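Each chain is listed here by its residues.
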Amino acid sequence: MNARPGTAEIHDRLDRVWSPPRGIWRFLTAVNHRVVGLRFMVTAFVFLLLGGLEALAMRLQLAQPLLGILSPEAFNQAFTMHGSTMMFLFAVPFLEGLAIYLVPLMIGAREMAFPRLNAFGYWVYLIAGVSLYGAYLFGYAPDSGWYNYVPLTGIGFRPGVNIDFWVTMITFLEVSALVAAVEIIVTVMKHRAPGMSLDRIPVFVWAILITSFMIVFAMPALMLTSLMLALDRMAGFHFFNHAAGGDPLLWQHLFWFFGHPDVYIMLLPAVGVVSTVIPVFCRRPLAGYTLVVVSALIIGILSFGVWVHHMYTVGFALVGLSFFAAASMLITIPSAIQIFAWIATIWQGKLHAIATPMLFSLGFIVLFILGGITGIMIAAVPFNWQVHDTYFIVAHFHYVLVGGVVLPIFAAIYFWFPKVTGRLLDEGLGRWHFWLFFGGFNISFFPMHIVGFEGMPRRVYTYHPGLGWDGLNLISTGGALVMGAAMVIFLWNLVVSWRVGPSAGHDPWGGNTLEWATTSPPQSYNFLLVPIVRGKDPLWSEPPPDAPPFQKRPGWLAELSEAPDLRRDQIITSPVTAEPLGRAIMPRPSLWPLWLALALTVSFLGAIATLALVPVGLALAFVALVGWHWPRDEPLDDESSGIEDTPGNPEPAGAPFGAREERRPDRWDANE
Amino acid sequence: MKRLATVAPAVCVLSATGCGGWQSALDPQSRGAAEIANLWWIMFWTTGVLATLVIAGLLFAVYRARRAATADAGGTVQDRERRFIFLAGAAVPALLLVSFVALSVRTGASVSEPPGDPGLRVEVTGHMFWWEIHYPGYGVTTANELHIPAGIPIEVRVTSADVIHSFWVPQLAPGKVDMIPGRTNRIWIMADEPGRYRGQCTEFCGVQHALMSLLVVASPEEEFQAWLAERAVPEAGSDPLSLRGREIFGEAGCAACHGIRGVTVPEFSGSPGPDLTHLAGRETLGALTVENSRENLTAWILNPHHFKPGVRMPPTSLDGDDVSALVHYLESLR
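Protein chains in written order, with my numbering: chain A, 1063 to 1734; chain B, 15 to 348.
If you're looking for bench data, these hints aren't it; they were derived computationally from the structure. Accuracy of the hints is not assured; some may be wrong.
As the list claims (entries may be wrong) - Computed footprint of chain B on chain A, listed as stretches where at least three residues anywhere in the stretch have a Cβ under 8 Å from a Cβ of chain B:
no., segment
1, 1208–1221
2, 1285–1292
3, 1523–1532
4, 1571–1579
5, 1589–1598
6, 1659–1666
7, 1678–1690
Predicted model, so just to flag it, every value in this text is computed and none were measured. Note that the Cβ used here is the ideal one computed from N, Cα and C, for glycine as well.
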């Protein structure tokens, strides 16, 4: 075929290949990264609301001394579920969902590297979250904190199934985080658009990539230690039983070896969102891109060397603790570099208007600074001895996590909602949302610094009057109610705008990254033609003079874009320079991911009832894996992947990259 | 027996006025807590000023960018920006952090050691949800109310009989230390002046973590020695009602958990419930949950969950006369 097909023809062909099946079958078998990513985000958002309701209930109980709104048992379940929900069911999964949705779009790919693994991860997450809340509904929620310290959580002190649910479901949940991390790494490394060399990766994708590596190293520690606790509880082991030679501190080491990196696993992608949003609204590239990326990398590495600062009071020698104090304080430097990079970006920028994503980003910087300075303080060992496990700490980490993670997530929602839905969120409601949330947050959490100094410990369901805590707690509760009101406005905005919001167009903000080059919402295949990247800000950049020849061509790669053999395929590029290497055939929708997730549920959830169910689940999982890996009957297309033979030479004669017609039909409905 | 202080803690505990701040880390009453409070104020002012400057810079940048005609991100601007980011983001914090680490180490080393030989050693064992207090060498075991001499450092050795607790008396100690089963940690406390101080468990230890508080009574040395000497000789009423109460104590199963020296098996340390040898000398019940009065003690024995839901002591079904006798007996234990 000599004549190239027109864009409409390419669209028809791609859409036929990439469109998901319809109906209930679609729901169960979908593997597409946008479907799965959106599911992650919507589910995580529901958990955010649930976690928020738990927080409100706790604040009401603490509004006055000796109230009886929640029983001690109910309060302990509430704070445990609040922490577990926000950490495990909201923040990490939401950011993973955001990454699963955005990463392929930002790097110009059609799909994640392992779409079925993606779907599997979502099912596991959904089942684990629903199981935990199902237990909560029946009063069997875990009740010993999201950190689940032994020996309190040992079988001797907590014989019921409450802790069993935590142990098995959190382990199960981390499977989901791990598979997402692995496939994000592979996707970013192998499927970037031609020309997107390492130094041109969007800063959000960098953040997600670093985060994914952190997940790969951190989550196994949690899975291991909760497995050890499961063995202690269910199979009579003694890992943590000091009377039998075990050690309760082992739990704390392993938990915080996961737990502290987990803070940055949430923070880095959020920070990546802010580094993406600010340049767009300032109409200029991010200042100090390399410094920002290297800072994120350093934070990722340092975060594995600070876990003991959660354990300053267990009785270690000061010399050892001082090492962790120094390491913890070091994290200030890369954090400060990022803050000054944002300030510099704004300084030389042009802000037409402070739209909601920008507003949330600015609010984030302020709260992040405030949470950061208390972070430096509590890294100082003797000061930590005094305020450890008091409300000062509660204030500190909410400044870091609400300021540093939740506000950027809101910024991300306002920023990418138009891409996902094709509609804009209401700016007026968005402003109400921001100011009420930001104000309510400070009213609620700032007094907690003081009440911590006044001696109020964490995790108390009530307190006596006369300790100077009453007024401050009442103020905190008032602030929490204001935050609740802000969330009602936000929810209203989301629901209404999704249905009847103003049409956003493809690129409402004038973005610099590739997701803004396609339709809103994107077509089933993301990009009609494979984009070629010529700079850090692909939609803003001119090709540099020393770029390799194929990058100099304006427009998009038509070849490899047309699914000539009607299969889901996408381009593979080299990890460093992103030169085209070949094509990968991507799988079609499949039921096996759901089957595998359900099979493992039999093992994990069944273990609570009887260990005999573990092998049953594994057998079912084996069936799923056989089905999953059963060879597809489609023949492999050797000819079209011929460019694998000539890496480094992107324009071999006669190869698919040979100079032919060039176009810029970046949107399938462009009138040509 | 003479009361050591004039203000009953339960009045403090249960009234909204009068004793605010007696668990405050910023109102230190000993050298250790004071040095840490100093460290806080140094860090507060340094970082506070810096944070204010940075936030002001951010707001000014926004103001500038709102007024700018166009964004400027040319090559020279970017070079300048990189230098600024590196200097402001790395160099300045680095200097600050070196001094903070040095301060942390210096203060930490200074407050880790008492200012002189400890004049007394006390062993405190955490239980769900109360404190067992033992004065080794004096044969005195009590609970929830730690009496110390003022003006001299006290070494406190802490451990736990069940789950992890944490020992914290913010005004008197250089912070807190965890009480971990199978380990013994040490911390020193000191009260510069005689007085009453409050502490609380700071490691979540189960359903009643919230109501696990500690009263520390610091008195002049002679007064403390007198208190200790009194405690060394258990006292109990010998009238018929007391003797009847003592019988009930055994029959009703109280002795399964509570020790009374001279009545129950001697070495009963580590029992699930507080030692009651000197119960009448204590000011509160349930680790500062309620004032130790006849009415409260009676109600507590009948159903402690009314005051402290989830506490490990079960309700009892004694009839009125038996409870009166039991309370009469317990009130004679000094």
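Tested hints:
1. With a threshold of 8 Å between beta carbons, the proposed coverage of the segment 1208–1221 of chain A by chain B holds, since 4 of its residues qualify and at least three are required.
2. Closer than 8 Å: that is the beta-carbon criterion, and the segment 1285–1292 of chain A has 0 residues meeting it against chain B, so the requirement of 3 is violated.
3. A stretch counts as covered by a chain when three or more of its residues have a beta carbon under 8 Å from one of that chain; for the segment 1523–1532 of chain A and chain B the count is 9, and the coverage holds.
4. For the segment 1571–1579 of chain A, the proposed coverage by chain B is not satisfied: 0 residues have a C-beta within less than 8 Å of a C-beta in that chain, short of the threshold of three.
5. Residues of the segment 1589–1598 of chain A with a Cβ under 8 Å from some Cβ of chain B number 0, which does not satisfy the need for three, so the listed coverage is violated.
6. Only residues whose C-beta sits within less than 8 Å of a C-beta in chain B count toward coverage, and the segment 1659–1666 of chain A has 0 of them, not enough to reach three; the restraint is violated.
7. Against chain B, the segment 1678–1690 of chain A contributes 0 residues with a C-beta closer than 8 Å to a partner C-beta. That does not satisfy the three-residue criterion, and the hint is violated.
Taken one by one, the earlier hints fail for this structure at numbers 2, 4, 5, 6, 7, listed in ascending order.
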